Amino acid sequence: EDQVTQSPEALRLQEGESSSLNCSYTVSGLRGLFWYRQDPGKGPEFLFTLYSAGEEKEKERLKATLTKKESFLHITAPKPEDSATYLCAVQAVEKETSYDKVIFGPGTSLSVIP
Amino acid sequence: GAVVSQHPSWVICKSGTSVKIECRSLDFQATTMFWYRQFPKQSLMLMATSNEGSKATYEQGVEKDKFLINHASLTLSTLTVTSAHPEDSSFYICSARGVFGQPQHFGDGTRLSIL
Chain U
1 EDQVTQSPEA LRLQEGESSS LNCSYTVSGL RGLFWYRQDP GKGPEFLFTL
51 YSAGEEKEKE RLKATLTKKE SFLHITAPKP EDSATYLCAV QAVEKETSYD
101 KVIFGPGTSL SVIP
Chain C
1 GAVVSQHPSW VICKSGTSVK IECRSLDFQA TTMFWYRQFP KQSLMLMATS
51 NEGSKATYEQ GVEKDKFLIN HASLTLSTLT VTSAHPEDSS FYICSARGVF
101 GQPQHFGDGT RLSIL
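Residue numbers (the numbering used here), protein chains in the order written: chain U, 1 to 114; chain C, 1 to 115.
The hints are simulated quantities; they were obtained by calculation from the structure and are not laboratory data.
For clarity, every value in this text was computed on a predicted model and none was experimentally measured.
Please note: incorrect hints may appear among the correct ones.
Distance condition first, Cα-Cα at most 27 Å in a straight line; then the derived BS3-like pairs of lysine-lysine [stated by the list, open to error]:
{"no.": "1", "chain 1": "U", "residue 1": "K101", "chain 2": "C", "residue 2": "K20"}
{"no.": "2", "chain 1": "C", "residue 1": "K14", "chain 2": "U", "residue 2": "K95"}
{"no.": "3", "chain 1": "C", "residue 1": "K64", "chain 2": "U", "residue 2": "K101"}
{"no.": "4", "chain 1": "U", "residue 1": "K101", "chain 2": "C", "residue 2": "K14"}
{"no.": "5", "chain 1": "U", "residue 1": "K42", "chain 2": "C", "residue 2": "K66"}
{"no.": "6", "chain 1": "U", "residue 1": "K68", "chain 2": "U", "residue 2": "K42"}
{"no.": "7", "chain 1": "C", "residue 1": "K14", "chain 2": "U", "residue 2": "K79"}
{"no.": "8", "chain 1": "U", "residue 1": "K79", "chain 2": "C", "residue 2": "K41"}
{"no.": "9", "chain 1": "C", "residue 1": "K20", "chain 2": "U", "residue 2": "K42"}
{"no.": "10", "chain 1": "U", "residue 1": "K63", "chain 2": "U", "residue 2": "K95"}
{"no.": "11", "chain 1": "C", "residue 1": "K41", "chain 2": "U", "residue 2": "K63"}
{"no.": "12", "chain 1": "C", "residue 1": "K41", "chain 2": "U", "residue 2": "K101"}
{"no.": "13", "chain 1": "U", "residue 1": "K69", "chain 2": "C", "residue 2": "K41"}
{"no.": "14", "chain 1": "C", "residue 1": "K66", "chain 2": "U", "residue 2": "K57"}
{"no.": "15", "chain 1": "C", "residue 1": "K55", "chain 2": "U", "residue 2": "K101"}
{"no.": "16", "chain 1": "U", "residue 1": "K42", "chain 2": "C", "residue 2": "K41"}
The task is simple: from the sequences and hints, build the whole structure.
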């Protein structure tokens with residue numbers, strides 16, 4: 001069964017304390033992996049798309065990497081404004097039906113303490 | 001960047017009322033639009049997927065007659081919650097995507113409260 005998991009469920013960091021969030025997936029026919037940031041009461045904000053293993057994308061203090069089984073979102077020297085829930089989503093195509101689907105992970109809630 | 005506008009952002013109404021939520025892609029053509037429901041501290045739950053000019057595809061367990069979706073143009077989709085009841089109270093979020101493989105871009109959600 002296609003599945004996307006994220007760990008940890010929640011992460012509390014001191015300002016400046018770098019860390020990584022994990023997104024693990026088991027899907028057939030991967031077409032892309034997306035990272036989003038969601039603030040409370042808002043819709044998710046798009047951050048990155050990764051299409052193939054080995055690919056990396058960077059934006060300010062965030063860097064996303066992709067392997068064949070997982071993706072990491074590295075946060076370098078985080079600031080309090082980086083506090084949010086980070087969601088990953090996997091786009092895949094079912095082999096039998098060619099049905100296109102996007103599966104969201106449950107998210108990691110990040111809190112950065114001043 | 002791609003902008004998706006969702007309206008209204010907040011609505012309170014009486015039980016039995018029907019509520020329409022609009023989702024517009026402002027600067028790109030949305031071949032596909034998605035409607036999600038999100039409960040507090042939980043992830044997104046996909047309700048339905050709609051392609052412009054076609055009938056929406058509903059996820060298992062989502063009542064088609066309860067949640068009416070229309071995607072009449074490449075920039076507008078609407079979700080109508082018919083005869084809403086308190087259990088329909090939730091945070092509803094739409095997203096829009098251009099061609100396959102591109103990321104979804106989300107609206108800011110609609111907080112629906114049914115009294």
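Tell me the hint numbers this structure goes against, listed in increasing order.
2, 4, 6, 7, 10 and 14
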